[in-house]
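J.: Sequence:
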Amino acid sequence: MEFYQFLCFLSCLSGQLLLNLPSSTAQLCRPVQSDALLQFNDSLTVETDTVLDCDLKMTTWKNGLDCCSWDGVTCDNITGNIIGLDLSYSCLQGTLRSNSSLFALRHLQSLNLAFNNFHTSPILPELSVFAELRHLNLSYSNFFGLVPVEISFLSKLVLLDLSQNYKDDGIYVEQSLKIENSGFKILIQNLTELRELNLDFIDMSAVSLSSVMNLSFSLTFFSANWCNLPGNFRSTFLACLTSLISIWVTMISCISGKILDSIGEFKNLKTLHLNNYSLTGSIPSSLVNLTKLTSLDLSRNELTGILDLGVFSTLKNLQVLRLTVELNLMYNSMNHTFPKLETLALPSCNLTEFPPFLNSLKMLRQLDLSGNKIGGQIPRWF
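In mature numbering (1 follows the signal peptide of the UniProt record, and there is no 0), the protein residues as written are -26 to -1, 1 to 356.
Please keep in mind that the hints were generated in silico from the structure rather than gathered at the bench.
Every residue gets a Cβ at the ideal spot worked out from N, C-alpha and C, and that includes glycine.
Hints are supplied without guarantee of correctness; some may be wrong.
[As the list claims (entries may be wrong)] List of simulated lysine-lysine pairs, BS3-like, C-alpha gap at most 30 angstroms:
#: 1; residue 1: Lys152; residue 2: Lys232
#: 2; residue 1: Lys152; residue 2: Lys130
#: 3; residue 1: Lys232; residue 2: Lys266
#: 4; residue 1: Lys159; residue 2: Lys232
#: 5; residue 1: Lys130; residue 2: Lys266
#: 6; residue 1: Lys266; residue 2: Lys336
#: 7; residue 1: Lys232; residue 2: Lys244
#: 8; residue 1: Lys336; residue 2: Lys241
#: 9; residue 1: Lys290; residue 2: Lys159
#: 10; residue 1: Lys314; residue 2: Lys266
#: 11; residue 1: Lys290; residue 2: Lys336
#: 12; residue 1: Lys290; residue 2: Lys347
[As the list claims (entries may be wrong)] Label pairs and their calculated CB-CB ranges:
#: 13; residue 1: Gln293; residue 2: Glu100; range: 28 to 34 angstroms
#: 14; residue 1: Val20; residue 2: Pro353; range: 52 to 58 angstroms
#: 15; residue 1: Asn249; residue 2: Val20; range: 33 to 39 angstroms
#: 16; residue 1: Glu300; residue 2: Leu30; range: 47 to 53 angstroms
#: 17; residue 1: Lys130; residue 2: Asn249; range: 30 to 36 angstroms
#: 18; residue 1: Gly279; residue 2: Lys130; range: 43 to 49 angstroms
#: 19; residue 1: Val6; residue 2: Lys232; range: 54 to 60 angstroms
#: 20; residue 1: Gly119; residue 2: Asn249; range: 27 to 33 angstroms
#: 21; residue 1: Pro353; residue 2: His93; range: 58 to 64 angstroms
#: 22; residue 1: Pro99; residue 2: Val6; range: 20 to 26 angstroms
#: 23; residue 1: Ser334; residue 2: Val20; range: 40 to 46 angstroms
#: 24; residue 1: Asn249; residue 2: Thr94; range: 28 to 34 angstroms
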């Protein structure tokens, strides 16, 4: 009898526990949020005449289904609030308006609208309602006008990508966005958490030197190609950003057309691409200080002089090395090699033989020695 009472107790207890467990079929998404997403979807159309490989995420958005399961939507597992919206490469087209239902998603922490076509819509100040936003990517989406100062209210931003170069009917819309001096000053003062900043093709000609003297954030990635930056701005800005891990930026090369010797101060750099910028002069010896570099590309420039490859022996982490034409390379002094090098490009570098150090590049996958003056037999070790 006692045994059956015990079984009954266990049965009741397990039933009670099941009642207290959340249902696996419970809809986390709040109706007001799914309605906002569907209204946003209805305000846009899909662009069919495009070269992009479209990812039509919004085709999975169906009324009555849990919006947390929709493509591109991320929800908080506890509250059910939508915290992430990734509509990149969705080939959306239309106008982003101030009364858009998008701005009802107040809990967003990440918003990615990259590679869509918003028909020269302005970047709206209403974006400031996303107080929790950490990642904002509006790149290559055909926005136009002034970057609103309200962007600087997003004080938790870690990543900000406003780069523009949208191709519309075969014509590149260059510098469709502009940032004023006052707006940039507030931006760098408020966004102290920022780590990645991409401002490619934004007109920054109005930004003054004094606006960047008090940089307080520690950027690890910065890109500002074709931004019409004044020369004195370039050198000062770079001097403040010695924490950079990656530089993809024209501004370095635009200072008298030479690579600054101060480039060696960027000791955290892992990527340095200055290719195709018509650089002149010699390669500064300070590059040997960039011991964390994994990729160095100085190709398609007009750099000249004698370069001893042996000076790069400190760059043990290099995986990619591309040098420019017309350099006179020396390598006889090389007592060390590049143990991790996978890609090596030395086109038109006045080589007359296969450099012996190539024999020690055990990880090499791609080699470009085109345009040199190499003659004779190919060595057996090659």
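J.: Hint by hint, note whether the structure agrees.
T.: Now for the hints, and whether the structure bears them out:
1. Lys152 - Lys232: Given that 30 angstroms is the threshold and the Cα spacing comes to 27 angstroms, the pair holds.
2. Lys152 - Lys130: 23 angstroms, holds
3. Lys232 - Lys266: 22 angstroms, holds
4. Lys159 - Lys232: The given pair, whose Cα atoms are some 28 angstroms apart, holds under the 30 angstroms limit.
5. Lys130 - Lys266: 28 angstroms, holds
6. Lys266 - Lys336: 20 angstroms, holds
7. Lys232 - Lys244: 21 angstroms, holds
8. Lys336 - Lys241: 26 angstroms, holds
9. Lys290 - Lys159: 39 angstroms, violated
10. Lys314 - Lys266: 12 angstroms, holds
11. Lys290 - Lys336: The hint holds at about 13 angstroms.
12. Lys290 - Lys347: Distance ~28 angstroms between Lys290 and Lys347 Cα, so the pair holds.
13. Gln293 - Glu100: 28 to 34 angstroms: Since Gln293 and Glu100 have Cβ atoms about 43 angstroms apart, the given range 28 to 34 angstroms is violated.
14. Val20 - Pro353: 52 to 58 angstroms: 57 angstroms, holds
15. Asn249 - Val20: 33 to 39 angstroms: With a Cβ separation near 35 angstroms, Asn249 and Val20 satisfy 33 to 39 angstroms, so the hint holds.
16. Glu300 - Leu30: 47 to 53 angstroms: 48 angstroms, holds
17. Lys130 - Asn249: 30 to 36 angstroms: Roughly 35 angstroms apart at Cβ, these two residues keep to the hinted range, so it holds.
18. Gly279 - Lys130: 43 to 49 angstroms: 47 angstroms, holds
19. Val6 - Lys232: 54 to 60 angstroms: Check passed, 57 angstroms falls within 54 to 60 angstroms.
20. Gly119 - Asn249: 27 to 33 angstroms: For Asn249 against Gly119, whose Cβ atoms are near 31 angstroms apart, the range 27 to 33 angstroms holds.
21. Pro353 - His93: 58 to 64 angstroms: Given about 59 angstroms between the Cβ atoms, the range holds.
22. Pro99 - Val6: 20 to 26 angstroms: 23 angstroms, holds
23. Ser334 - Val20: 40 to 46 angstroms: Between Ser334 and Val20, where Cβ atoms are some 53 angstroms apart, the hint is violated.
24. Asn249 - Thr94: 28 to 34 angstroms: 31 angstroms, holds
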